[in-house]
Amino acid sequence: MSADTHLPKDAAPGGTELIRFDRVTKRFGAHTVLDALDFTVSAGKHVTLIGPSGSGKTTILRLLMTLLKPDEGTIKVGDAYLTHEEKGGRLIPAGEKHIREVRKNIGMVFQQFNLFPNMKVLRNITEAPVHVLGLGKDEAEERARGLLDLVGLTAHLDKYPTQLSGGQQQRVAIARALAMRPQVLLLDEVTSALDPELVAGVLDVLRDIARTTDITMLCVTHEMSFARDISDDVLMFDAGRVIESGPPEKIFTDPEHERTREFLGAVL
Amino acid sequence: MNTWSWGYVGDILPDLLKGLGVTVEATVLGSLVSFALGLVWALALRSPSRWVTWPVGAVVEFVRNTPLLVQLFFLFFVLPSWGLTFSPLVTGVIGLGLHYSTYTAEVYRAGIDGVPAGQWEAAVALNLPRRRTWTAVILPQALRRVVPALGNYVIAMFKDTPMLAAITVGDMLFQANTIGATTFDYMEPITVVGALFIVISYPTSLLLRALERRLVR
Ligand SMILES: Nc1ncnc2c1ncn2[C@@H]1O[C@H](COP(=O)(O)OP(=O)(O)OP(=O)(O)O)[C@@H](O)[C@H]1O
Ligand SMILES: [Mg+2]
Numbered sequence: 001m002s003a004d005t006h007l008p009k010d011a012a013p014g015g016t017e018l019i020r021f022d023r024v025t026k027r028f029g030a031h032t033v034l035d036a037l038d039f040t041v042s043a044g045k046h047v048t049l050i051g052p053s054g055s056g057k058t059t060i061l062r063l064l065m066t067l068l069k070p071d072e073g074t075i076k077v078g079d080a081y082l083t084h085e086e087k088g089g090r091l092i093p094a095g096e097k098h099i100r101e102v103r104k105n106i107g108m109v110f111q112q113f114n115l116f117p118n119m120k121v122l123r124n125i126t127e128a129p130v131h132v133l134g135l136g137k138d139e140a141e142e143r144a145r146g147l148l149d150l151v152g153l154t155a156h157l158d159k160y161p162t163q164l165s166g167g168q169q170q171r172v173a174i175a176r177a178l179a180m181r182p183q184v185l186l187l188d189e190v191t192s193a194l195d196p197e198l199v200a201g202v203l204d205v206l207r208d209i210a211r212t213t214d215i216t217m218l219c220v221t222h223e224m225s226f227a228r229d230i231s232d233d234v235l236m237f238d239a240g241r242v243i244e245s246g247p248p249e250k251i252f253t254d255p256e257h258e259r260t261r262e263f264l265g266a267v268l
Numbered sequence: 001m002n003t004w005s006w007g008y009v010g011d012i013l014p015d016l017l018k019g020l021g022v023t024v025e026a027t028v029l030g031s032l033v034s035f036a037l038g039l040v041w042a043l044a045l046r047s048p049s050r051w052v053t054w055p056v057g058a059v060v061e062f063v064r065n066t067p068l069l070v071q072l073f074f075l076f077f078v079l080p081s082w083g084l085t086f087s088p089l090v091t092g093v094i095g096l097g098l099h100y101s102t103y104t105a106e107v108y109r110a111g112i113d114g115v116p117a118g119q120w121e122a123a124v125a126l127n128l129p130r131r132r133t134w135t136a137v138i139l140p141q142a143l144r145r146v147v148p149a150l151g152n153y154v155i156a157m158f159k160d161t162p163m164l165a166a167i168t169v170g171d172m173l174f175q176a177n178t179i180g181a182t183t184f185d186y187m188e189p190i191t192v193v194g195a196l197f198i199v200i201s202y203p204t205s206l207l208l209r210a211l212e213r214r215l216v217r
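Chain order of the listed sequences is A and B.
According to full-length UniProt numbering, the first sequence holds residues 1 to 268 in order.
According to full-length UniProt numbering, the second sequence holds residues 1 to 217 in order.
Keep in mind the hints are simulated off the structure, nothing from the lab.
Fair warning: there could be bad hints in the mix.
[What the hints assert, rightly or not] DEER-style ranges, computed between Cβ atoms: (1) Ala266(A) with Thr135(B): 45 to 53 Å; (2) Ala110(B) with Glu142(A): 37 to 45 Å; (3) Pro93(A) with Glu212(B): 42 to 50 Å; (4) Trp54(B) with Asp79(A): 40 to 48 Å.
Built from N, CA and C at the ideal position, the CB exists for glycine as well.
Next comes chain B alone, as it looks inside the complex (with noise of 0.2 Å):
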């Protein structure tokens, strides 16, 4: 049973610090991704023809009802196999940012659907194109409603990061780990990993909630 040092914790912050940097990268870009992607997903199953909703309905809940660390192992070892190489860094960021954007899909269909009947009646009264009904009319309103959520995802995403240590991105348990196997003592690195995305997480959480009482008024 060793003791807590904190001469060791000073030694080992550097390295996980930067492992904390390349956390917040990933959850940055694949939060980016899964906004993006999602409202695509969103779109397109809303799309009056069947030959679009089915096939993108079908991509979404396979990618949905599938471990992200399957998918992310798939991404890592198949696709080089097909002649697709990316850094595991951007490999992660395509993982993270799929699987979520088929949350972010569901989040942006709610906030479609909370926008009233009444305003595409009067976008149709006006005669607005259709195009202008989606991006003047309707998601200005549906977006402003589905920040919160989005935000509660990316907090979901920052959790779930520490996955891309298994397909070797340098983020904060792959530092962790690393120390850890030359130093053959976890406890303290571990435990900074675990302090640090709290220090992290529960002031965004906080911040967000901020947030949601400002837009949903």
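Excised from the complex, chain A in its bound form (with noise of 0.2 Å):
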């Protein structure tokens, strides 16, 4: 399998282009933590982007999630800009209803599960479907009926996320981000607040998803071993930037740069 993520100049032939990064900067007060970020992912690829602590994976999601706005640069998805919209040729921060209709194309799974503690778990996977989509009750019930069974949780579609085990947490928080229908499906380090007897079964459903559907998905995760599963594309961090991407079998085992080596050296 060949790079389809790479800066944009080299931008791939074949596979569509649906996430790009143009000279993304991102500053927490006087720490830059992206520095004209660029980078692209294609429909469909599974990436994971790996980089020491601090590096700035987390960023980038959640500027693509639109949990951050980036100080200089653009984010494209699919062809509308994230943080832009185009008025009269010339491209002005994006307003709220703009920002909501591309938030659309993306979900995501965070690290703390942050599932909506006073709905049931069935609830907390209809809510969004229901009053952003307007699916009927039924049909989103149904909708979520099927992604109960995907995560092997339909026995517990009456209790209460408190009620349930963090890995059965986050395999609820999964299916709830399944059903809005991503085409982009934001992932950070999903099972680092698990119990590592519980890591498995969440890893599985993902493996299972990865397999399973078109769904593009961007990662970021220690799980080395998972990573080489599901990766089309690793992208190697480090202080805000690509220092490194490929397949995974060129990175993990023949990786060029001295900083891929040492990182590799200390989680593998």
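Using the supplied hints, reconstruct the complex from the two chains, each of which is provided in its own coordinate frame.
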């Protein structure tokens, strides 16, 4: 499999580009976390971001989810800018309506699950399809049941999140994100908060989704064997830049950069 | 020095219980006003517009930092001269509700702040509209947390209701005072009023603590 994730200048032939970061800079105070970052992700690809702590991986996902705003540069999802809208041939900062429209394409699963504790499992999953997509209650519940089946939790649909284990909660969170049928699924260390014995169940569900759907995945993980299994491409970050990218076989066995070697030496 | 007379207590009890009814009524209605108004303040103070937060903040601070009794007098004596006339009880309910709304606003603020940032982020990730985020996600979680603190203010308000006697609301203290003024014997009426306050507020506070244990798990 070839590297369909590159710097924009050598944009991929074939696979349609779904995400494009163009000279994206993000600062927190005086600290520049992302420095004119460029990268693209093709539709349907599973891309893993690796890199040392603080290298900006979470920041990238949060920018895509519009939980953060870039200081400079543009982010494109499909044909639309996430951060800007085009008016009269000029790019202006995007309004709420525009952002909501583009954001429909993106779903996210969080490290801490972030399920709504005041809603039962089923309603956690139907809430947004009903109130954002305008699905009828029955249709939304049917969709939710299908997804609960996929993540192996049909028996728990009538429970509150706190009555579930961390691994079960995270699988509900995955179902909740998928219920919106996003094109892109963002996964930020989704197993880091779990007890070790619960990790495998969540990763199995994600492997399943990666295999059976054409959803694009952007994944931050420290589970290197999982990354190797599902990734089409691995992006190695350091200090807010992509220092190396390629298929997992290449990156994990024969990295070009010393920094990548050091990093993998420390985590593998 | 007169001695305690149970017979006298028996005679005045019906009037005092009538006063207790008024006291409870003022507390319940005043609480409802303070719950609703406090929530309005708390939400308004989160508005992105300074044209909302600044005036609301000023009003809330002003009301919180002036004495309730002065506010009651203002409502009772000044409003009628502007053509706004209410019964003493309604005036008292407005006064209590307004005054305590500045405290409940603070309670709601803390409750809303206590909802983890991850809940807002999940709502964004699901593209929930702002309104829906408030009504379905944030407020249900925030309100659950604030029930015990709101309850404490209900008890505090209950104990402030004797101030309504000053604007001629027929509450317990007003009744006791009226009785004393005719019999020249204040000991029993005032003592019974104190006892009735304890009989109501102490069990209520125990109930609240039990509720708190249930809600904040
Ligand atoms: N809200 C914030 N305010 C200030 N600094 C922040 C904020 N969020 C992130 N940072 C800083 O930005 C840098 C990148 O953070 P980020 O969370 O993206 O790293 P990461 O690659 O996800 O690291 P990790 O592997 O530890 O999760 C870090 O130095 C972090 O301290
Ligand atoms: Mg991170």
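Consistency of the hints with the structure:
Taking the beta carbon of each, alanine 266(A) and threonine 135(B) are about 47 Å apart, inside 45 to 53 Å as hinted. Distance hint check for alanine 110(B) and glutamate 142(A): the Cβ-Cβ separation is about 40 Å, which falls inside the suggested range of 37 to 45 Å. Distance hint check: the CB atoms of proline 93(A) and glutamate 212(B) are about 45 Å apart, consistent with the given range 42 to 50 Å. Between tryptophan 54(B) and aspartate 79(A) the C-beta distance comes to about 42 Å, which sits within the given range of 40 to 48 Å.
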